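Visitor: Protein sequences, first through last, are from chains C and H.
Under this note's numbering, the first residue of the first sequence is numbered 1, with each subsequent residue one higher.
Under this note's numbering, the first residue of the second sequence is numbered 1, with each subsequent residue one higher.
Because the hints were derived from the structure by calculation, they are not lab data.
Mixed in with the good hints, there may be bad ones.
[Stated by the list, open to error] Rough simulated footprint, nothing fancy, chain C against chain H, three-plus residues with beta-carbon under 8 angstroms:
#1 107 to 116
#2 235 to 249
#3 484 to 497
#4 502 to 508
#5 511 to 523
Just so it is clear, the structure is predicted and the values come from calculations on it, not from any experiment.
Here a beta-carbon is modelled for each residue, glycine too, at the ideal position from N, C-alpha and C.
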Amino acid sequence: MKVEFELNGTRVGTDVEARTTLADCIRDQFKQTGTHLACEHGVCGACTVLINGQAVRSCLILAVQAQGERVVTLEGLSRDKSLTPLQTAFRKHHALQCGFCTPGFITTAHALLTEEPEADEERIRDVLSGNLCRCTGYVPIIQAVLEARSAYAQTDDQE
Amino acid sequence: MRIANSYIGQPIERTEDLRFLRGKGTYVADINRPRQLTAVILRSSVAHGRLRGIDANRALQLRGVHRILTAKDFDTEIPRIALRLQPLSDLEPFHQPMIADQKVRYVGEPVAVVVAETAAIAEDALDYIAVDIEPLPVVVSREQADAALLFEQHGTNCAITWKASRGDAEAAFKMAEYVRRERFKVQRHAAMFMELRGFVADWDGQTLTVWGAAKTAWYNRRLLAASLRLPTEAVELIELDVGGGFGSRGEFYPEDYLIPAAAKVLGRPVKWNEDRREHMIAANHAREVDCEVEIAATRDGRVLGLRGQIWSDIGAYVRTNGSVGPRNVAQYMSGPYAIENIELTSSMLLTNKTPTGTYRGPGRFETDFIRERMLDLMAKDLNIDRLELRRRNLVADSQMPYPLASISPYDGSTELDSGDYHAVFDRCLAEFDWKTKEELSGRLIDGYYHGLAVGSFIEGGAAGPKEQARLVLEPDGSLSVYLGSSSVGQGLETVMAQIAADATEVPYEKIRVLHGSTSHVKEGYGSYHSRSTVMGGSAILLAAEKLKQSIKASAAKRLGCAAEAVVLDGEHARAGNRSMTFAELSDVPIEVEAEFFNSKQTWAYGTHAAHVAVDPGTGHVKVLDYMAVEDVGRTINPATLHGQAIGSIVQGLGGAFLEHLVYDENGQLLTGSFADYLLPTASDFPKIRALTVELKPCPSNPLGAKGGGEGGIIPIGGIMANAVADALKHLNVQPMELPLSPPRVWALVEAAKALLAS
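Let's have the full structure, built from the sequences with the hints guiding it.
Guide: What follows is the structure, encoded as structure tokens:
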């Protein structure tokens with residue numbers, strides 16, 4: 001089946017089997033390997049991408065369901081030469097070790113702070129409880145997201 | 001002159017983060033080769049049976065399926081996975097075949113490899129393969145260990161029994177004023193790292209290249225080469241970014257052979273990535289222990305001895321490091337306490353479940369649960385304050401080095417190297433504010449009973465025998481550091497660059513650390529047993545000295561002076577008023593290698609304290625505060641070490657409360673997804689604190705560092721169970737089994753209430 005959508009600001013199109021997930025499509029067809037798969041049943045959140053600004057598990061959605069949508073992955077939230085405020089805070093607070101779950105945390109936190117730049121710790125923990133990390137124990141991730149809030153309060157154009 | 005580098009001890013932000021945070025890491029699933037095919041593995045759905053035949057004809061007719069390989073396609077005799085650690089000949093009968101050839105012994109054991117154009121086609125093909133297995137009775141627990149023999153010729157399902165002994169336990173128990181015997185159990189759970197395992201293998205007719213190595217690439221290379229009847233040099237293992245290890249990843253599994261062998265058979269690159277359910281039945285499980293243990297003491301609470309029998313359920317085969325947990329449970333049960341008389345046996349029981357191996361703090365998590373529970377039970381029986389009881393028994397600084405029980409039939413004896421256990425114990429209580437919190441013990445506040453607990457532990461690290469480092473001065477004056485240590489996500493590149501910068505004075509940003517791939521050094525050992533900082537770091541120190549000598553010698557020739565007259569500053573070699581840059585000097589290749597040998601473990605140690613609140617109506621336990629203090633001798637990077645501590649604690653809380661690999665009586669895993677096997681999440685344990693101190697540098701390595709990657713996890717089971725007992729002391733609830741899941745705690749509360757009422 002043919003599918004076309006916007007991926008990180010670029011219009012893309014490809015032929016996929018109907019059963020191909022969006023995650024596999026992004027990784028295999030478009031080589032955006034910043035989106036990671038760690039459970040493929042929607043629990044771990046590593047594959048989280050943004051569709052029209054909403055955090056979505058790309059392992060639970062078919063590529064064809066993204067037809068005409070605006071898809072943003074971690075690569076789309078990144079700059080070549082510098083780190084974004086959220087990435088800077090993750091680095092400063094040592095909020096990642098092996099880095100495998102990190103793409104899902106960044107995309108999920110970005111979606112949250114874009115909508116709710118004043119989210120409190122409890123709210124952040126609640127939202128991020130849908131993402132699994134085995135290395136950090138979450139404490140530094142929460143600290144990093146709390147710190148990054150100020151950047152989202154100031155501007156509306158993080159993407 | 002430049003100011004001397006001082007990176008060691010600084011919380012340097014990690015080099016790795018710059019790629020991980022932008023989606024630019026390269027994990028094995030991100031690797032693809034031209035003409036690549038994809039493999040999936042058909043695994044036994046039967047826990048125990050005789051393999052009578054496999055009919056793959058229908059599956060082979062699917063478009064896109066290239067080959068379906070079964071045992072006979074790989075070799076005339078299927079090689080077995082040799083043990084990396086404790087390679088006892090008595091354990092050889094229990095080595096796992098690379099693929100099932102005669103029997104299947106657990107659900108998940110590989111029986112065929114499907115190679116196809118894509119993973120989806122290969123997975124489709126699985127449904128068309130008919131496997132004929134004659135079922136045999138299934139053994140899933142010690143209670144029905146006689147239901148069948150996994151290895152008929154061995155005559156018993158007990159693979160081997162370890163024995164830890166010290167002093168004269170029999171005499172100690174005879175004269176003791178106090179003796180208590182209890183049974184404890186720890187549940188099967190696992191490392192469950194986030195990035196699933198995978199390989200890409202490419203055979204060009206002469207060299208086999210395998211991407212996806214981790215932890216112990218050099219050992220795995222030798223085993224793979226021997227299994228494929230290739231010279232070792234014909235096999236190269238490449239380590240990429242690695243998404244967590246915790247003891248389990250990187251050990252030699254059947255797939256470490258099957259995927260490269262498939263690539264060799266097909267003559268095309270083959271890629272394999274497991275899925276999560278597959279991981280849960282294929283990768284090492286850990287921790288399942290049952291024991292009956294006795295403690296002996298004087299009336300005033302001085303522990304005289306430990307004795308008893310431990311049974312470890314090791315699953316269907318003895319895997320590469322399968323003895324480590326069962327050995328450690330016995331040898332380290334005394335922990336940081338001076339216990340002079342020990343007689344413990346630890347039997348490895350074969351069952352029709354996934355084989356086991358190490359998981360962070362192997363055997364230590366289990367044995368600390370047993371010991372710390374015993375100490376609190378004893379404190380209660382003898383009516384001695386539990387803090388005082390521990391102070392009376394902790395090994396004193398003046399007793400160092402302090403020998404632990406010796407273990408047989410392998411490894412022998414070891415001794416605690418250094419430490420001020422009492423100082424760290426008191427520091428933890430002060431940081432935790434035990435004095436203020438103590439009054440909450442047993443109190444009911446807003447429907448929750450509050451409880452406290454404290455416990456101390458030891459953490460062995462830095463396993464020998466050696467590690468290698470190779471330093472190369474590059475043409476631009478930068479320094480490449482090649483290491484036998486490997487990265488499992490712990491920040492190795494950053495930590496090793498800090499050590500190299502201080503040792504060579506080369507600017508930190510001009511140092512590049514390359515690790516874990518077999519082309520980097522001649523013989524590496526890797527990362528396990530909290531060894532990479534100490535072993536790899538010490539190898540860098542030795543290599544740095546050689547490098548400086550080598551640069552001086554080279555500069556002396558070119559500047560026309562004696563080597564002793566040359567002064568280095570990390571970028572220049574100077575003699576009098578003449579100088580050359582390192583970049584200029586590198587015209588003549590400068591490369592050195594060094595090996596660090598170590599026969600002694602390092603012994604970090606610490607104390608944890610916790611405050612919990614228990615809901616007696618649901619059995620739910622809230623962890624309100626958790627404080628950990630550990631002495632690692634010398635810290636290289638406080639940020640990464642702190643990260644190890646916090647992360648390790650939360651893993652341990654998962655083991656104490658949530659994580660459980662449950663089997664039914666047919667040997668089927670009932671918890672094969674993240675919806676059933678619960679990992680801690682961001683909302684479970686919000687308040688975790690950890691502090692690292694540097695009281696007693698390690699005497700056995702030049703850095704003075706002690707391995708510290710596992711400590712956080714070790715005492716948690718015991719501390720949580722003791723805190724729950726403290727909260728529910730009005731009911732005399734005494735947990736003897738993990739996990740402390742809500743149903744279990746609720747049942748304990750109900751049973752205690754019923755007992756009080758009767």
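Visitor: How about the region 235 to 249 of chain H: do at least three of its residues have a C-beta closer than 8 angstroms to a C-beta of chain C?
Guide: holds (count 5)
Visitor: Given as covered by chain C, does the region 107 to 116 of chain H meet the bar of three residues or more with CB within less than 8 angstroms?
Guide: violated (count 0)
Visitor: Can you take a look at whether the region 511 to 523 of chain H is actually covered by chain C? Rule is 3+ residues, C-beta closer than 8 angstroms.
Guide: violated (count 0)
Visitor: Per the coverage rule (Cβ-Cβ under 8 angstroms, at least three residues), is the region 484 to 497 of chain H covered by chain C?
Guide: holds (count 4)
Visitor: Please verify the coverage claim for the region 502 to 508 of chain H: does it have three or more residues whose C-beta sits within 8 angstroms of some C-beta in chain C?
Guide: violated (count 0)
Violation of the numbered hints given earlier is confined to hints 1, 4, 5; the remaining hints are satisfied by the structure.
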